[in-house]
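Start from the sequences, fold in the hints, and give me the full structure.
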Amino acid sequence: MNALLQARQLTKHFSLGGGWWHRRLTVRALEWVDLDIYPGETLGVVGESGCGKTTLGRCLIRLIEPTFGEVFFRGENLLKLDRATLRQRRREFQMVFQNPYLSLDPRMNVLDLVEEPLRAHTDLRGRALADRVTELLERVGLAREHLYRYPHEFSGGQLQRIAIARALALNPVFVVLDEPTSALDVSVQAQILNLLKELQVELGLTYLFISHDLSVVQYISDRIAVMYLGRIVELGTAEQIFSNARHPYTQALLSSTPLPDPQARRSRIILPGDVPSPLNPPPGCSFHPRCFQALPVCATDEPRLIDVGDNHFVACHRVR
Amino acid sequence: MREPLISVRDLRVQFHTYAGVVNALNGVSFDLYPGEVFGLVGETGCGKSVTGLALLQLIPPPGEIVGGQILYCGQDLRTLPPAQMRSLRGGKIAMVFQDPAAALNPVFTVGEQMEMVIRQHRRVSRRDARRQAAEMLRAVGMPDPLRILNAYPHELSGGMQQRVMIAIALSSGAEVLVADEPTTALDVTIQAQILDLLVSLKKERGIAILLITHNLGVVAETCDRVGVLYAGSVMEMGPTTAIFREMKHPYTQGLLAAIPHAERRGRFLSAIPGSVPSGLQIPPGCPFHPRCAFAWDECRNEIPSLLPVDEGHWVACHLYGRGRR
Ligand SMILES: Nc1ncnc2c1ncn2[C@@H]1O[C@H](COP(=O)(O)OP(=O)(O)O)[C@@H](O)[C@H]1O
Ligand SMILES: Nc1ncnc2c1ncn2[C@@H]1O[C@H](COP(=O)(O)OP(=O)(O)O)[C@@H](O)[C@H]1O
Ligand SMILES: [Mg+2]
Ligand SMILES: [Mg+2]
Numbered sequence: 000m001n002a003l004l005q006a007r008q009l010t011k012h013f014s015l016g017g018g019w020w021h022r023r024l025t026v027r028a029l030e031w032v033d034l035d036i037y038p039g040e041t042l043g044v045v046g047e048s049g050c051g052k053t054t055l056g057r058c059l060i061r062l063i064e065p066t067f068g069e070v071f072f073r074g075e076n077l078l079k080l081d082r083a084t085l086r087q088r089r090r091e092f093q094m095v096f097q098n099p100y101l102s103l104d105p106r107m108n109v110l111d112l113v114e115e116p117l118r119a120h121t122d123l124r125g126r127a128l129a130d131r132v133t134e135l136l137e138r139v140g141l142a143r144e145h146l147y148r149y150p151h152e153f154s155g156g157q158l159q160r161i162a163i164a165r166a167l168a169l170n171p172v173f174v175v176l177d178e179p180t181s182a183l184d185v186s187v188q189a190q191i192l193n194l195l196k197e198l199q200v201e202l203g204l205t206y207l208f209i210s211h212d213l214s215v216v217q218y219i220s221d222r223i224a225v226m227y228l229g230r231i232v233e234l235g236t237a238e239q240i241f242s243n244a245r246h247p248y249t250q251a252l253l254s255s256t257p258l259p260d261p262q263a264r265r266s267r268i269i270l271p272g273d274v275p276s277p278l279n280p281p282p283g284c285s286f287h288p289r290c291f292q293a294l295p296v297c298a299t300d301e302p303r304l305i306d307v308g309d310n311h312f313v314a315c316h317r318v319r
Numbered sequence: 000m001r002e003p004l005i006s007v008r009d010l011r012v013q014f015h016t017y018a019g020v021v022n023a024l025n026g027v028s029f030d031l032y033p034g035e036v037f038g039l040v041g042e043t044g045c046g047k048s049v050t051g052l053a054l055l056q057l058i059p060p061p062g063e064i065v066g067g068q069i070l071y072c073g074q075d076l077r078t079l080p081p082a083q084m085r086s087l088r089g090g091k092i093a094m095v096f097q098d099p100a101a102a103l104n105p106v107f108t109v110g111e112q113m114e115m116v117i118r119q120h121r122r123v124s125r126r127d128a129r130r131q132a133a134e135m136l137r138a139v140g141m142p143d144p145l146r147i148l149n150a151y152p153h154e155l156s157g158g159m160q161q162r163v164m165i166a167i168a169l170s171s172g173a174e175v176l177v178a179d180e181p182t183t184a185l186d187v188t189i190q191a192q193i194l195d196l197l198v199s200l201k202k203e204r205g206i207a208i209l210l211i212t213h214n215l216g217v218v219a220e221t222c223d224r225v226g227v228l229y230a231g232s233v234m235e236m237g238p239t240t241a242i243f244r245e246m247k248h249p250y251t252q253g254l255l256a257a258i259p260h261a262e263r264r265g266r267f268l269s270a271i272p273g274s275v276p277s278g279l280q281i282p283p284g285c286p287f288h289p290r291c292a293f294a295w296d297e298c299r300n301e302i303p304s305l306l307p308v309d310e311g312h313w314v315a316c317h318l319y320g321r322g323r324r
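Residue numbers (numbering that gives the first Met the number 0), protein chains in the order written: chain Z, 0 to 319; chain C, 0 to 324.
Don't read these hints as lab results, they were simulated from the structure. Keep in mind it's a predicted model, so treat the numbers as computed, not measured. Treat the hints with care, as some may be off.
Chain Z stretches covered by chain C per the calculated footprint, using a threshold of three residues with CB under 8 Å from any CB of chain C [unchecked claim]:
| hint | segment |
| --- | --- |
| 1 | 27–36 |
| 2 | 214–223 |
| 3 | 246–257 |
For glycine and all other residues, C-beta sits at the position ideal for the given N, C-alpha and C.
Right, here's the structure in full:
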């Protein structure tokens, strides 16, 4: 199958500080990421805060400009597009954010919020526009009576439904879901996850599902990319990651994620220390200072992401 | 029979806001025993934090405790003189919060803050206080206590700050630790470190821990007993295994069925319809009835009381009312 989206050597560095009296600092947010995303799949991205998940999502749809690397959408290099063509393509990508309280303008009512992208990018007006808005709202489980209400009148779950309706307005093919349920309670999270699954099947959507919560990612994803300090350290099907994790970091992540089962006592891998700063990542494998299986080579050489069989990729010197 | 260290009886808390009276707690009762982790779990706004604050008599205005008792060593904390309550708080009863940075004083080093706490509760020299502080930091698993003593809070990561908070609780000789979402702001590998530490404090020092969390995974892995809160009422309470394996209340069942995990892949989750009620408008009768698939007339009119269904396992639901089991 042909990939819908391909990232090659995708890299994003942020500069901090500056001025003549300060040394400029570089945040290595994303380092050399190669990734293929296939049509209709949900690719989960998991890792701890600051590991570069959001940066990856934004670079993939060119919401921010990568420092280096390429992104191909249906074979076309997104980073080489001129403004007009990019604007055209943009309709095909959407993003849903973690905090709908921040991502929705509090001064606009639901009708305005959902209408906005349609007015900006389509010729729909009058009756046809109103019909499309109602159709979208009904599709995400809201009713006509909600049309004239403002964001503060809704719960977090309902706001996320509005954000999803907005994202779907222009019939996108690829949606970046950046921690879409992380601010929600578990009973409401289930409603939103179900809705996202239904919409995917119905509309043939491809998702990049970003979360720090491995349980959610395992539930929703077909394939999973595990990130650590700006790099993908393991990539495979949800099954491969769940029952045959090969990278020590993935294994630690799996064993640290609390399960809702008091009898599932596993021998827990407790990693020492904290995640190092991306301002000053350790040399070699960036995970080696916390790794319980580190070899001397890990402190000096950076492991490459290699296929260990059946498109299961691992970046670890222990895994050959 | 073990004696509870703290007994909360029929606790009621209200907030008087411009929008009206918020009924934050509507008759909450539970016991906390030495050497156990009791989990208080529930969704946003159900009253977890208010319960923790009430234990320490720290309900901020416009809130007030309007009924019930909080018994500690046979004494009702509500009637304790403020001076005695102050020495108990941060002494025998300590609290750690979700955001340790806000609880630590940014202008003093960790060592200075710990010395102050130690010398408030014991007559010791500064040097001895400092030695004890270093010991406590080592006890909570700090790799380099002497360096940490000289560090300011902002120089430490969130996980280290939380360890410092726990070390401060230990250095004041706490018997009871109220931990309100202590790991919610931390990454999961760091959360695992802190939960491990809490469990070891319980085992090795017999500390009673009230662990407040919205995370059912955290509850399953660390708590001995659990209370499930909904709209300011305890819906179900019992040993952790009973709650996760033989849950009786439709709300507990719904909550557990809604959790996404690997084994539920490819299936829809069973979501609870609707959303949590606001404290301004708690439904009459059973507060869960508008979202409950089993609700009938009785549920709409009568508040169910918490009744035992098994050894130490209590449920507040008309399905299990008198004569119906
Ligand atoms: N606009 C920015 N300027 C400077 N640093 C940034 C910016 N955005 C993100 N970063 C840094 O890049 C790293 C990766 O961030 P992010 O992609 O947001 O991580 P995640 O989503 O996994 O939590 C972090 O260290 C973050 O502080
Ligand atoms: N300072 C306050 N003013 C008004 N209402 C409050 C205040 N603090 C808490 N509440 C209300 O009390 C109820 C319980 O809140 P809380 O204990 O913080 O919930 P949680 O279970 O999320 O910790 C909620 O309805 C909340 O709105
Ligand atoms: Mg992010
Ligand atoms: Mg709270």
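Going through the hints against the structure:
By the rule of at least three residues with a Cβ nearer than 8 Å to a Cβ of chain C, the coverage given for the segment 27–36 of chain Z is violated, with 0 such residues. Interface restraint, the segment 214–223 of chain Z with chain C: holds (5 residues with C-beta to C-beta distance below 8 Å; minimum three). Check result for the segment 246–257 of chain Z against chain C: holds, 6 residues qualifying (beta carbon to beta carbon below 8 Å, three or more required).
Of the hints listed earlier, the one the structure fails to meet is number 1.
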